[in-house]
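Colleague: In terms of full-length UniProt numbering, the sequence shown opens at residue 1 and continues consecutively.
Read the hints as simulated data drawn from the structure, not as lab findings.
Please note: incorrect hints may appear among the correct ones.
The following label-pair restraints were derived from C-beta to C-beta distances [unchecked claim]: (1) Arg163 / Asp121: 21 to 29 angstroms; (2) Val71 / Arg177: 30 to 38 angstroms; (3) Glu19 / Gly60: 41 to 49 angstroms; (4) Arg197 / Arg94: 15 to 23 angstroms; (5) Leu68 / Val170: 15 to 23 angstroms.
Note that the structure is predicted; figures quoted are calculated from it, not measured.
We treat Cβ as the ideally placed atom computed from N, Cα and C, and that holds for glycine.
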Amino acid sequence: MSPDTASVACDGWDGSECEGTPHCPPRCPRFVDEEGARWTIRPATDADEPFLAEMYERFGRPHRAQGLPPVSRRRRVDWIRSLLSEGNNVVAERNGELFGHAVYTPTDAETPELAVFVHPDAQDRGVGTELCRHVIANAAAAGRDGIELHVETGNRPARSVYRTVGFEVVERRGDLRMRLDLDRPIATEVRWPPLAREGPAEPAVDLSPADRGPGRSPADD
Numbered sequence: 001m002s003p004d005t006a007s008v009a010c011d012g013w014d015g016s017e018c019e020g021t022p023h024c025p026p027r028c029p030r031f032v033d034e035e036g037a038r039w040t041i042r043p044a045t046d047a048d049e050p051f052l053a054e055m056y057e058r059f060g061r062p063h064r065a066q067g068l069p070p071v072s073r074r075r076r077v078d079w080i081r082s083l084l085s086e087g088n089n090v091v092a093e094r095n096g097e098l099f100g101h102a103v104y105t106p107t108d109a110e111t112p113e114l115a116v117f118v119h120p121d122a123q124d125r126g127v128g129t130e131l132c133r134h135v136i137a138n139a140a141a142a143g144r145d146g147i148e149l150h151v152e153t154g155n156r157p158a159r160s161v162y163r164t165v166g167f168e169v170v171e172r173r174g175d176l177r178m179r180l181d182l183d184r185p186i187a188t189e190v191r192w193p194p195l196a197r198e199g200p201a202e203p204a205v206d207l208s209p210a211d212r213g214p215g216r217s218p219a220d221d
């Protein structure tokens, strides 16, 4: 689905009554992070290549894992192009700028591999978790059997995110290999529309004085 289609399918940020539409992707593209900022999680296109390169340019060495993203610009561009051509990619966009990228690759594997990257300025806000949920939804909708990933043993924040979305450790050999089987309930739950996932918003109730009961007076203090 193109970004334009997303804008047609979703015309507001309050998804409390959204039951989904025939135009919807496997997971709703609208996301509000833990600080209340609004994001669009959408499929990446070839046109995003320079913007992804710019995003990864701002990753310092402490924010790289397992040699990724590559340090040199040329290798980084080749790596981005490879992911865009061989994988199923999504990006996290806010105010026209990319701050996150996730992919499962290769797309034709029964158990492809997940990779997720969030710019340091957008970490600890739930963006990485939401990107993972989109990848899971896309892989499940495409009929994949499962998803695997490798994570450094000492990368506790990443391990916590992966556990949150259902991944389990299946091998410990240097790095950890984790797997999520897509016949588990979470693979269905991540594709529910907002109304099914979050439930309807509760309307504010304005109680009459009689319904409020006795109030406190200064003498009660």
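Colleague: If you test the structure against every hint from before, which numbers come out violated?
Modeller: 2
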